[in-house]
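Enquirer: Sequence:
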Amino acid sequence: EHRYRAITETAQDAIITVNRNANIISWNSGATKIFGYSNDEIVGKPLTVLIPERFQHLHEFAVNEWVTRGLIHFSGTPVEIVGLRGDGSEVALEILLSNWSEGEHDFVTGIIRDITKRKNSEVMLRQAKVVFDNALEGILVTDEETNIISVNRAICDVTGYSKKDLVGKKPTIWKSEYHDQFFYHGMWSHLKQNGTWCGEIWNRHKSGELFPCWQTIRAIENESGVVTNYISIMSDISVIKKSQEKTEYLAHHDPLTGLANRILFQSRLEHAMDRAQREGHMIVVLFIDLDRFKYINDTFGHPAGDKVLQEVSTRLQNTIRNEDTVARIGGDEFLIMLEKITDPTEVNLVADKLLNKFVEPVKIPEHELQISPSIGISLYPSDASDYTTLIKNADSAMYQAKNRGRNNYQFYSDELTGED
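Just so you know, the sequence shown maps onto residues 1373 to 1792 in my numbering.
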């Protein structure tokens, strides 16, 4: 008896014994911790005080079978039940029953464990699994050697690989070769130092197509601080990148013609002026205005005018070199920048080519329109040393071309500024 009491009182689990009438005859300190009743409060009470009302019919049936027929079945394995504490709250329990006899008296002893934490953990795990399986971001888990041990459906959608393709492999299966070794070295160095890394990375779809991702990698450590797993969350940002590229394009290009706009032209010209200053060559700016363009819009409508502007843009681009720039800065005004000019006579050749491009009429529905340009030319560094003055001087030369009958080109001179 003394040894039995010593064992039961030090046990963390509840150990409860009931007689054939299902009254409690033995109660340990573990039972007090779980249910909240002291030994004096509970011994002699029916077991039903520990059972929620909705389950008491099952208890009554089991007791009746035991009393009337001597039948009570024990599987030898714990069974999960719901218990009722003294404060009225319910508790998840795991119970293992055994029966024994003493003379003519039969008893049942239950070893009962509070599994609330375990049940809560199971609920959290189920919830985590639902989140894992249904997350829009691709999620993968690897072991400490970066072998993939688990993936969700989204990672398969993102990469094109099935779960069977991925489990047991390494994430390098979708390595794109877009990044050099220094990129990956920096990524892993940061991950080992900080336990996490996030950034933009290009991967390769199973189909072979490259795609950009925003990826987060986190190292998981055990209680000893040893890395046991890596978790990676991956989002395909192809749509975002395309949207950014479109926004960037629209910010620096004319939406009608696709040519550079004033902002991009200024940026390119200022960079070209810096290079020209270092290398000692010239830059040429041509300011082009279409003659009597307002008449076309007023007579044939703005759609016809837009068609003319698009055709003019194509002709201008086909006249210059790839390293030069054509821009539409508004209305029917265009700018051309010619880089690395060493001989001023080259400028005359280009200007003559531009005029010849306008000999052929522009075709619009039911009409052929004869278009001509007036072109003003200024040179860097002889005519100006800054962007604003260079454009202003080319503009002055363009008006001089209009004053001299249109459909011609004029170079800037100091006299033009004096006339302005």
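Hints listed in this document are in silico derivations from the structure and should not be mistaken for laboratory results. Incorrect hints may have been included.
Said to hold, decoys possible - Result set (DSS-like, lysine-lysine): computed pairs, CA atoms no more than 25 Å apart in a straight line:
| hint | residue 1 | residue 2 |
| --- | --- | --- |
| 1 | K1541 | K1501 |
| 2 | K1679 | K1618 |
| 3 | K1735 | K1666 |
| 4 | K1491 | K1405 |
| 5 | K1735 | K1679 |
| 6 | K1417 | K1405 |
| 7 | K1501 | K1489 |
| 8 | K1491 | K1417 |
Said to hold, decoys possible - Label-pair distances were calculated between CB atoms; the ranges are:
| hint | residue 1 | residue 2 | range |
| --- | --- | --- | --- |
| 9 | A1383 | L1508 | 21 to 31 Å |
| 10 | L1430 | T1518 | 49 to 59 Å |
| 11 | L1508 | G1652 | 53 to 63 Å |
| 12 | K1666 | A1507 | 57 to 67 Å |
| 13 | K1735 | I1612 | 39 to 49 Å |
| 14 | P1675 | S1744 | 17 to 27 Å |
Note that the coordinates shown come from a computational prediction; the quantities given were computed from them, not determined experimentally. We put the CB at the ideal spot given by N, CA and C, even for glycine.
Enquirer: Determine which of the earlier numbered hints do not hold for this structure and return their numbers in increasing order.
Expert: 8, 9
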